[in-house]
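Asker: Build the full structure now, drawing on both the sequences and the hints.
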Amino acid sequence: MTTLTDTEPKTPDLKTARGARRLVRGPRAGRQLHGGKWTYVALVLVTVMSLFPLVWTAIAASRSNSRLAETPPPLWFGGNLFKNLEFAWHEANMGTALLNTLVVAGTVSIGTVLFSTLAGFAFAKLRFRFKNLLLLLVIGTMMVPPQLSVVPLYMLIAELHWTDQLQAVILPTLVTAFGVFFMRQYLLQALPTELIEAARVDGASSIRIVWHIVFPAARPAMAVLGMLTFVQAWNDFFWPIIALTSSGNPTVQVALTGLAQGFDPDQSVIMAGALLGTLPLLIAFLVFGKQIVGGIMQGAVKG
Amino acid sequence: MASESRTAAPSPTGEGAAPRPEDTPPKSDARRRERRSRRYRLDVKWSPYAYIAPFFLFFAAFGLFPLLYTGWASLHRVELTAPTDMEWAGLHNYSRLLSDEFFWNALKNTFTIGIISTVPQLLMALGIAHLLNYRLRGSMFYRVAALTPYATSVAAATLVFALLFGRDYGMINWGLGLIGIDNIDWQTGDWTSQIAVSSIVIWRWTGYNALIYLAAMQSISHDLYESAALDGASRWRQFIHVTLPQLRPTILFTCVVSTIGAVQLFGEPLLFSGSGATGGANHQYQTLGLYLYEQGWVNLHLGRASAIAWAMFLILLLIGAVNWLIARRLRKSEGDS
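Sequences listed follow chains C and V, in order.
Once you know that position 276 of the first sequence is 276 in UniProt numbering, the rest is easy, because the numbers rise by one and skip nothing.
Once you know that position 149 of the second sequence is 149 in UniProt numbering, the rest is easy, because the numbers rise by one and skip nothing.
Everything labelled a hint here was simulated from the structure, so no lab data went into it.
Values in this document were obtained by computation on a predicted structure and should not be read as measured data.
Covered stretches of chain C, as calculated for chain V (at least 3 residues, CB under 8 Å):
#1 67-76
#2 119-128
#3 142-148
#4 279-290
We put the CB at the ideal spot given by N, CA and C, even for glycine.
Answerer: Right under this line is the structure:
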């Protein structure tokens, strides 16, 4: 008893000191020494290395094909950008490709977020039979690459005559095991079980609980998962290359591949195509970069 | 896992929720209440299945079933031109694979490209994360910039790198020429082409891994560094003796993810030069993923492609097993200390 009263005044002290430090240094203070001059030099170098190939894509897209076959290579923009963009737009069917990719990535993101949230909620907070076994199945197949299922999927779409149709690339990627695991991990902490119990006691049905409690609580993670899925779906390569053709109904990546493997490819036009296909995501990165960075770091700690 | 599942729902018999005078319950009211509680019990019992059903429906149809059916297809002779005509072939596809020099070549290339791309990538990511972990002005700018290559597609990245690595007019050879190094043939050389292909992977994924390391570094308790500093440890020794051990699970995680990525490498070698699915004129950078594609969609042998897929599956299982063993070891050694 005496020991308890002895330690009691100390504990809040320590807590407030920690809390104060946390306020100053941000929520999870790791080692936060100030960066010196060389830190900045190195980081600027990293930034240049990261951005240079993209900037040079634009430079090459603004030049002519013959200029790219000269030394030294161009280091600044030329005047052919719009001509090359126009050429790539028509040659590679880019209008259709961009629209298709938007539809595919949008649908896949919405589907993944919705289904992953529902399943993640069930795995995090509800009781049902075979729960642990099913969760193990989800985790076990989280990292299975697309190559392992590509032959039967191809047989399937050949049988259904789905070649060059968007559902052929949407349906197989509509759910991911990663999404379910990600939402489960988030909801385990973010959704107080008492809240669900209280709603149950008040006689709320499961659907009302999902709509009024689970979705609002899950919203930050849903946004992150949506963005990550969108980037992934936009850049998806292996399966679309097989299911779609560049002359038929391509996504951006398929169109770009067709452009690059076409007869007598013009390098500056290829670069213009690459620029067209990358620009939408780069703009999204300018706007949502902070959230995407936060999402990846959050996923890393929880995963 | 068991503890949180147990608290999920209140007991279905909890009818005391509605406190009402019990002495004069009208008959219809009682029946309604009973119906409601039955519906409630059904809801609690069956709604979890409704929530997981959409996921598992798609997962079974487009994930699990194809995965298993690939194994079945690998025991057959199947041509791309008539994918539903399957002719039983036993283990022929596998025995053929074992005596196929291109398979072994692809396996070897996958392994060497995997090493060349993964090791520098993770080391550099560790260094960049260390830099980003300092208090910086404009830190978010550097983080977003480092992640930008992640937003670039395989196709776009590979096509621009193919130009940069051009033998005669490429930027990289020009730069090397300035410091007196002769033009290197990045397309046809055995090692040089593998280094070039690996550099695309490194460029795209280093920033992503750096952010994962950064997240782990920021969750290391400050007190650990304080006590290390009190013991007189230099910054470098703090990095070696505090940061690295604390990062061990994260490092293992990134190793596994990168290795799995390396096993399925496909787009980079496909688009790096005009030679398509052969992976260079002498197959010098043809990976397993690319060889599978060549067998299935260029040579039209879906059965053989399936056998290659299951060979990849075997490799992944091996990686999984090694990962599990190391993780168990790590947990044990942490338990000891």
